[in-house]
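Student: In order, the protein sequence lines correspond to chains B and H.
Heads up: the first sequence runs through residues 34 to 150, numbered per the working numbering.
Heads up: the second sequence runs through residues 3 to 114, numbered per the working numbering.
Check each hint, because a few of them may be wrong.
[To be verified] From the structure, some residues in chain H lie toward chain B, with a derived Cβ separation under 7 Å:
no. : residue
1   : 42
2   : 45
3   : 46
4   : 91
5   : 104
6   : 105
7   : 107
It should be emphasised that the hints constitute simulated quantities derived from the structure, not laboratory data.
Just so it is clear, CB atoms sit at the ideal spot from N, CA and C, and this is done for glycine as well.
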Amino acid sequence: DTGVSQDPRHKITKRGQNVTFRCDPISEHNRLYWYRQTLGQGPEFLTYFQNEAQLEKSRLLSDRFSAERPKGSFSTLEIQRTEQGDSAMYLCASSRGGWRGGSYEQYFGPGTRLTVT
Amino acid sequence: GENVEQHPSTLSVQEGDSAVIKCTYSDSASNYFPWYKQELGKRPQLIIDIRSNVGEKKDQRIAVTLNKTAKHFSLHITETQPEDSAVYFCAASKNTGNQFYFGTGTSLTVIP
Numbered sequence: 034d035t036g037v038s039q040d041p042r043h044k045i046t047k048r049g050q051n052v053t054f055r056c057d058p059i060s061e062h063n064r065l066y067w068y069r070q071t072l073g074q075g076p077e078f079l080t081y082f083q084n085e086a087q088l089e090k091s092r093l094l095s096d097r098f099s100a101e102r103p104k105g106s107f108s109t110l111e112i113q114r115t116e117q118g119d120s121a122m123y124l125c126a127s128s129r130g131g132w133r134g135g136s137y138e139q140y141f142g143p144g145t146r147l148t149v150t
Numbered sequence: 003g004e005n006v007e008q009h010p011s012t013l014s015v016q017e018g019d020s021a022v023i024k025c026t027y028s029d030s031a032s033n034y035f036p037w038y039k040q041e042l043g044k045r046p047q048l049i050i051d052i053r054s055n056v057g058e059k060k061d062q063r064i065a066v067t068l069n070k071t072a073k074h075f076s077l078h079i080t081e082t083q084p085e086d087s088a089v090y091f092c093a094a095s096k097n098t099g100n101q102f103y104f105g106t107g108t109s110l111t112v113i114p
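Next comes chain B alone, as it looks inside the complex (with noise of 0.2 Å):
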């Protein structure tokens, strides 16, 4: 499978414990997002990264939320002393960055999604 890959797919914890994701994009993509859904909404902005550089972080990511991408392969997305507001479908996805054949086309994983109990 060449597509974006996201481990784990599901992830209970108790509220206070932290939790670490990873997301492999497609090999060739140099830009690498991290989203969060929560039911009946569209995919929430966390970060991006182009290549290992983070070049944009949502306001809304508090301190708790931490992302690397140290080689500029795959990605780690961190939450330290989770919270139950934290509850939600974790996105990655990657693209190829500039406008090659057309597109800026993302292609998202399958998602992690988080439960906090």
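Once you have looked at the hints, place chain H on chain B.
Tutor: Chain H only, in chain B's frame:
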């Protein structure tokens, strides 16, 4: 920041009829507008997109129109089929696709 509003939130049409979903955006600097389809339990997938230098784009039964002056864009699906049933999201982006702002989605049901 950008604010994208999407209407309607739900839409039911008879098979073969047309469906139209509308979005408005607030930031006049936005220059790229994709539409994504998300089937139940699946990941969003791009179905069509348009850049701000184009007023309309068509791909078979799907078309998107953009009115930059009014800051709104619309998705048109003709000859709808049951497999078109899904949630559709519009999005807006500026600065060559750095941040994407999504609408709240439209749940489309095509009744056979």
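Student: All the hints need checking, so say for each whether the structure fits it.
Tutor: Against the structure, the hints:
1. 42: 12 Å, violated
2. 45: 4 Å, holds
3. 46: With a minimum Cβ separation of about 5 Å from chain B (threshold 7 Å), the hint on residue 46 of chain H holds.
4. 91: Because about 5 Å separates residue 91 of chain H from the closest Cβ in chain B, which is inside the 7 Å limit, the hint holds.
5. 104: Interface hint status for residue 104 of chain H: holds (3 Å vs cutoff 7 Å).
6. 105: 5 Å, holds
7. 107: 5 Å, holds
Of the numbered hints stated above, the single one contradicted by the structure is hint 1.
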